[in-house]
Amino acid sequence: MTTLTSEELERRFQEKIDENQYIEPKDWMIEKYRQNMIRQISQHAHSEVVGMLPEGNWITRAPNLRRKVALLAKIQDEAGHGLYLYSAAETLGITREELLEQLHSGKAKYSNIFNYPTLTWADIGAVGWLVDGAAIINQVMLQRASYGPYARAMVRICREESFHQRQGFEIMLTLCRGNAEQKEMAQDALNRWWWPSLMMFGPNDKDSPHSAEMAKWRVKRETNDELRQRFIDRVVPQADFLGIKIPDSKLKWNETSQHYDFGQINWDEFYNVIKGNGPCNRERLKARIEAHEQGKWVRDAATAYANKRKNKAA
Amino acid sequence: MTTQGKDNQWLLWEVFVQSKSGQPHKHVGSVHAPDAEMALLNARDTYTRRNEGTSVWVVPAQSITASTPEEVGAFFDPAFDKVYRHPTFYNVPEGVKYL
Numbered sequence: 001m002t003t004l005t006s007e008e009l010e011r012r013f014q015e016k017i018d019e020n021q022y023i024e025p026k027d028w029m030i031e032k033y034r035q036n037m038i039r040q041i042s043q044h045a046h047s048e049v050v051g052m053l054p055e056g057n058w059i060t061r062a063p064n065l066r067r068k069v070a071l072l073a074k075i076q077d078e079a080g081h082g083l084y085l086y087s088a089a090e091t092l093g094i095t096r097e098e099l100l101e102q103l104h105s106g107k108a109k110y111s112n113i114f115n116y117p118t119l120t121w122a123d124i125g126a127v128g129w130l131v132d133g134a135a136i137i138n139q140v141m142l143q144r145a146s147y148g149p150y151a152r153a154m155v156r157i158c159r160e161e162s163f164h165q166r167q168g169f170e171i172m173l174t175l176c177r178g179n180a181e182q183k184e185m186a187q188d189a190l191n192r193w194w195w196p197s198l199m200m201f202g203p204n205d206k207d208s209p210h211s212a213e214m215a216k217w218r219v220k221r222e223t224n225d226e227l228r229q230r231f232i233d234r235v236v237p238q239a240d241f242l243g244i245k246i247p248d249s250k251l252k253w254n255e256t257s258q259h260y261d262f263g264q265i266n267w268d269e270f271y272n273v274i275k276g277n278g279p280c281n282r283e284r285l286k287a288r289i290e291a292h293e294q295g296k297w298v299r300d301a302a303t304a305y306a307n308k309r310k311n312k313a314a
Numbered sequence: 315m316t317t318q319g320k321d322n323q324w325l326l327w328e329v330f331v332q333s334k335s336g337q338p339h340k341h342v343g344s345v346h347a348p349d350a351e352m353a354l355l356n357a358r359d360t361y362t363r364r365n366e367g368t369s370v371w372v373v374p375a376q377s378i379t380a381s382t383p384e385e386v387g388a389f390f391d392p393a394f395d396k397v398y399r400h401p402t403f404y405n406v407p408e409g410v411k412y413l
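Listed in order, the protein sequences are those of chains A and B.
Going left to right, the first sequence walks through residues 1 to 314 as the working numbering numbers them.
Going left to right, the second sequence walks through residues 315 to 413 as the working numbering numbers them.
Hints should not be assumed to be uniformly reliable.
Said to hold, decoys possible - Reference excerpt, derived from the structure (chain B facing chain A, CB under 7 Å, subset only):
| hint | residue |
| --- | --- |
| 1 | Gln323 |
| 2 | Pro348 |
| 3 | Pro383 |
Hints are computed from structural coordinates only; laboratory data are not their basis.
All C-beta atoms in this analysis are idealised placements derived from N, C-alpha and C, irrespective of residue type, glycine included.
Make a model of the complete structure from these sequences and hints.
In structure tokens form, the structure reads like this:
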């Protein structure tokens with residue numbers, strides 16, 4: 001076997017990606033690709049895990065059993081999705097312990113959207129409809145991302161998430177068909193979740209720091225702005241159907257572009273939340289760390305039980 | 315196999331699920347667990363929440379031996395030049411059926 005120069009290895013790596021092949025865990029890869037994939041996949045995993053917190057608030061207060069079992073199943077899915085993604089990240093040579101440590105120390109990020117509070121039951125509807133709706137648009141693209149384990153996890157996740165968005169829309173629809181106060185709740189939730197949902201797609205293309213490289217490596221196959229536009233085009237008619245108003249005075253169908261025009265996103269708010277100053281940043285991290293620490297006895301007990309069984313068998 | 319450690323996240327197990335009777339088991343991902351029995355339960359909860367499986371295997375990841383990508387050319391080389399292993403290598407006269 002001949003040893004290849006690093007230029008040759010890099011060239012072959014890029015060729016493989018350009019030919020729409022997938023990179024697998026044991027394949028040679030550019031170190032920066034590895035680091036970027038760890039960052040992106042773990043951020044994604046952390047988002048699934050932290051995403052359980054705002055919804056968990058409402059399990060005991062769900063208005064009926066149907067809503068409660070649906071919400072529980074959704075939250076359980078988010079835990080599962082976190083696990084698929086942690087596993088995918090681990091194939092790149094980082095341990096689960098390190099990943100959790102990065103989340104708990106605040107070194108790793110998770111999606112900004114989960115730093116907003118779920119104040120009313122309508123927020124659970126808006127989160128499913130808008131937040132999961134936005135996530136699905138991003139994740140459909142990622143099903144063909146160049147890193148094999150990540151792409152495969154995305155396929156599973158997309159298959160499971162379509163119910164999340166529907167259950168959210170159903171909650172909104174029920175409220176919108178209810179009395180005036182219930183419809184007002186739905187409108188209020190839309191008012192608060194609309195702009196943060198648009199921010200989920202990340203900065204405008206010209207200000208997106210990782211975009212060019214991630215496009216070259218076939219992780220991002222479409223740009224932030226393209227995905228955001230698709231989301232808006234899909235959601236506006238749904239809001240019309242619900243009979244509630246999207247809080248954007250500039251929102252208007254553009255006959256020429258065949259897309260909706262929309263107003264300016266408040267990026268100062270976006271960067272402020274990323275820096276840790278959103279309404280719930282501290283609360284979310286605190287709850288996550290507490291959950292991990294309070295779950296220690298479960299991990300200890302499982303370990304003790306496994307050891308006991310092993311010793312018995314020996 | 316050690317299950318000690320400060321913040322122990324246990325061993326890694328690869329999970330294979332058979333989706334329907336008669337189908338092969340297919341790799342779906344992995345789980346962490348302190349032993350095989352709990353790995354099975356975790357695999358069930360993680361990968362078959364929607365009746366995706368009729369059977370699950372869990373295998374300690376460290377027990378799997380895999381071919382190495384760098385040597386993949388030489389490794390599969392013996393099969394490269396054996397076109398006579400395929401039916402298309404053989405001539406079938408016009409009009410001959412069921413062959």
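Evaluation of the provided hints:
no.: 1; hint: Gln323; verdict: 4 Å, holds
no.: 2; hint: Pro348; verdict: 4 Å, holds
no.: 3; hint: Pro383; verdict: 5 Å, holds
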